[in-house]
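> Fit chain B to the supplied structure of chain A, relying on the hints for placement.
These protein sequences, in sequence, are chains A and B. The opening position of the first sequence corresponds to residue 1 in the numbering used here, with each subsequent residue numbered one higher. The opening position of the second sequence corresponds to residue 1 in the numbering used here, with each subsequent residue numbered one higher.
To be clear, the hints were calculated from the coordinates, so they are not data collected in a lab. Quick caveat, the model's predicted, so the values are computed rather than measured. Beta carbons: idealized from backbone N, C-alpha and C, even for Gly. Possibly wrong hints are sitting among the right ones.
[To be verified] So, partial list: chain B residues that the calculated Cβ filter (under 10 Å) puts toward chain A:
no.	residue
1	84
2	88
3	92
4	94
[As the list claims (entries may be wrong)] Partner residues aside, some chain B positions facing chain A, computed with beta carbon under 8 Å:
no.	residue
5	42
6	44
7	46
8	48
9	97
10	98
11	99
12	104
[Said to hold, decoys possible] Mimicking BS3-like on lysine-lysine, the simulated pairs with C-alpha atoms at most 30 Å apart in a straight line are:
no.	chain 1	residue 1	chain 2	residue 2
13	B	107	A	79
14	A	41	B	42
15	A	24	B	42
16	B	107	A	40
17	B	42	A	71
18	B	42	A	79
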Amino acid sequence: ETAVFQTPNYHVTQVGNEVSFNCKQTLGHDTMYWYKQDSKKLLKIMFSYNNKQLIVNETVPRRFSPQSSDKAHLNLRIKSVEPEDSAVYLCASSPLGVQDTQYFGPGTRLLVL
Amino acid sequence: QQKVQQSPESLTVSEGAMASLNCTFSDGTSNNFRWYRQHSAKGLEVLVSIFSDGEKEEGRFTAHLNRANLHVSLHIREPQPSDSAVYLCAVSSMSNYNVLYFGSGTKLTVEP
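Just chain A, with the same shape it has in the complex (with noise of 0.2 Å):
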């Protein structure tokens, strides 16, 4: 059973636009996370907000921002997309305990022409 939420499910758009993704758990978890998969299938880490607050900011170009209403949101805002940004999506959600799973939502596919 999906419990964590991420729209759209694709999104294809022009080099120099911007893009928005929303990702939303229902499992009342305080941490999320932002991950890139690549074409290889290779998945990065990219932010990661515990009740509201960016507490994970890896090594990403500015035009990427979180934005996080309250700790069961986390959207992605991409500034002027670049064809390098075409990749999957993927936001998970989990309590901090040392022993917590991280769930995962189904991605959102981004082409950039």
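Chain B alone, transformed into the frame defined by chain A:
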């Protein structure tokens, strides 16, 4: 930064034969190890989590962890064609907010 490597890149087994996947990691302070599965165009499904040296079984999936050797493996007993997917090893530590560092995956094909 944590480096996670998986082998082999791809693996084909016959239905019913054991499938074994390997994963090495670089940070010996890691304390949280998971195997995920990803079917085409779908999200990640967690298969088994292991936190201390030894073995952990979840149904047909068994993980083995040896932190001294920086190695964790996944064994799939009696694989079925529906198990064909990409298997991802993920390593994390509480000291870094449980951020997951993934290997590049093993593509498993189970032939009938």
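> Determine which of the earlier numbered hints do not hold for this structure and return their numbers in increasing order.
When the structure is compared with the hints, numbers 1, 8 and 13 turn out to be violated.
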